Amino acid sequence: MLDVKDRQLLEYVQLGLPICPRPYAEIGRLCDMPETEVIERLTRLKQQGLIKRMGVIVKHRQLGYRANAMIVWNVPDNLIKQLGGHISRFSFVTLCYQRPRQPEWPYNLYCMIHGKDRVTVLNQLEQLVDACGLSGFDKEILFSNRCFKQRGAIYQNPTPALADG
Amino acid sequence: MLSPLHKQLLNDYQHDFPLSPRPYQDIADALGVTEDEVLSAFTELNDNNFISRIGPVIPPNHIGVSALVAMAVPEQHLQAVADKISAYPEVNHNYEREHRLNLWFVVIASDAEHLRTVIGSIERETSYPAMLLPMLDDFFIDLGFKLDLNNA
Numbered sequence: 000m001l002d003v004k005d006r007q008l009l010e011y012v013q014l015g016l017p018i019c020p021r022p023y024a025e026i027g028r029l030c031d032m033p034e035t036e037v038i039e040r041l042t043r044l045k046q047q048g049l050i051k052r053m054g055v056i057v058k059h060r061q062l063g064y065r066a067n068a069m070i071v072w073n074v075p076d077n078l079i080k081q082l083g084g085h086i087s088r089f090s091f092v093t094l095c096y097q098r099p100r101q102p103e104w105p106y107n108l109y110c111m112i113h114g115k116d117r118v119t120v121l122n123q124l125e126q127l128v129d130a131c132g133l134s135g136f137d138k139e140i141l142f143s144n145r146c147f148k149q150r151g152a153i154y155q156n157p158t159p160a161l162a163d164g
Numbered sequence: 000m001l002s003p004l005h006k007q008l009l010n011d012y013q014h015d016f017p018l019s020p021r022p023y024q025d026i027a028d029a030l031g032v033t034e035d036e037v038l039s040a041f042t043e044l045n046d047n048n049f050i051s052r053i054g055p056v057i058p059p060n061h062i063g064v065s066a067l068v069a070m071a072v073p074e075q076h077l078q079a080v081a082d083k084i085s086a087y088p089e090v091n092h093n094y095e096r097e098h099r100l101n102l103w104f105v106v107i108a109s110d111a112e113h114l115r116t117v118i119g120s121i122e123r124e125t126s127y128p129a130m131l132l133p134m135l136d137d138f139f140i141d142l143g144f145k146l147d148l149n150n151a
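As given, the protein sequences belong to chains Y and H, one line each in that order. Heads up: the first sequence begins at 0 in numbering that gives the first Met the number 0, then just goes up one per residue. Heads up: the second sequence begins at 0 in numbering that gives the first Met the number 0, then just goes up one per residue.
For reference, chain H alone in the conformation it holds in the complex:
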């Protein structure tokens, strides 16, 4: 169950987390609670897996290179193939989607050569061809998300 404080922390600090020596104290001051309450609330959100982390969102291809990759994998092999792919540290998202191309993942590498090496290795290990879809232009990248937490 989310408290009003949890909800405020989830919705109000996606963009401008304070870049100051005592950021949790600054949040506490803004919300009229104590630093300890803010620290506890964030710890609870983290422990309950409601947040992935507090940190920077770095736009793709400014540091390293990334690509979306799609594969068509027979259903009975999907879990095993997905597990092999998820084991790569260079893979950060890996989803099943409802389509003939049913496995979609993102590979992030230090440079184009590293990316090619990882994709080649995944193709050899899984024996399925990978369709590479690098980003050409971003019109909009993860600027946070307004959550409706009324029933949460």
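Bound-form chain Y, shown alone:
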């Protein structure tokens, strides 16, 4: 579990590691923690899975990956774990979630595919549908158009300590 100091550390480090020779010392200076403690805590959080990955977070669009499809399916609840697990094994799938159905929105399984163009994404989707046996389920494909805002998840308190957080 996260203690107060972990949360404080994550508040700073999630804004991005400084690009300088001793970035963890710099983060430590901001949250009043020795460099060694910053590194130890981040290492532990990663081992515990509370940090899923630590590294470069790329901007797909700027790197030529302009086609982004969110695909939603309505699958039986008892199959969702198995199907979600299968979908997740494809390298072009970037996210796969279960979300609740809504009155006018019968879909419960979500996945995201990023590609360089729509034709590629649709081909990958077809491959996915065939391999996972998804052809019998209702689905919709929602391609993104304008991106109004994209930022990493900023977890914050109701009274944030961060100016732009």
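Source of the hints: derived by calculation from the structure; they are not laboratory data. In this text the structure is predicted, and so the values were computed from the model without any measurement. Worth double-checking, as some hints may not be accurate.
Claimed, not checked - Pairs of lysine-lysine residues, derived as DSSO-like cross-links and limited to a Cα-Cα distance of at most 27 Å, are as follows:
no.	chain 1	residue 1	chain 2	residue 2
1	Y	K80	Y	K51
2	Y	K80	Y	K148
3	Y	K80	H	K83
4	H	K145	Y	K58
5	H	K83	Y	K51
6	H	K83	Y	K45
7	H	K6	Y	K115
8	H	K83	Y	K148
9	Y	K51	Y	K115
10	H	K6	Y	K138
11	Y	K148	Y	K115
Fit chain H to the supplied structure of chain Y, relying on the hints for placement.
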């Protein structure tokens, strides 16, 4: 134009950025370049908006709560409504998608009550109903992305 070093930094350090006192030096050693070259290359990637940051990816709902939200907004109002929503610090992604439900955004809050407050405020301010889609299970969360940068 991306150099071979840029490409290596983009593809090889999405998962295991060194957790050591001199991480950029460690990367430099691994790639056979100098620390200064690594620092410069990362600065260029950052300045040119190719990376959002170097940092942790925290799975949803371990710290705070989050929800995907969808709205149906008439095209002529979409930009204005999107701008109002993007102005909330609790909103981190906000996209137009090709669908009757054409505005999709993610709200992250400290707890369920904070989330409800933000959604309520957005609904009042925009006067469009929000369809709330919290995550129930994650099968796969942003484990990085293998980029084909041959033509980049």
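Hints and how they fare:
no.	hint	result
1	K80(Y) - K51(Y)	holds, 20 Å
2	K80(Y) - K148(Y)	violated, 31 Å
3	K80(Y) - K83(H)	violated, 36 Å
4	K145(H) - K58(Y)	holds, 12 Å
5	K83(H) - K51(Y)	violated, 31 Å
6	K83(H) - K45(Y)	violated, 35 Å
7	K6(H) - K115(Y)	holds, 17 Å
8	K83(H) - K148(Y)	holds, 11 Å
9	K51(Y) - K115(Y)	holds, 25 Å
10	K6(H) - K138(Y)	violated, 36 Å
11	K148(Y) - K115(Y)	holds, 20 Å
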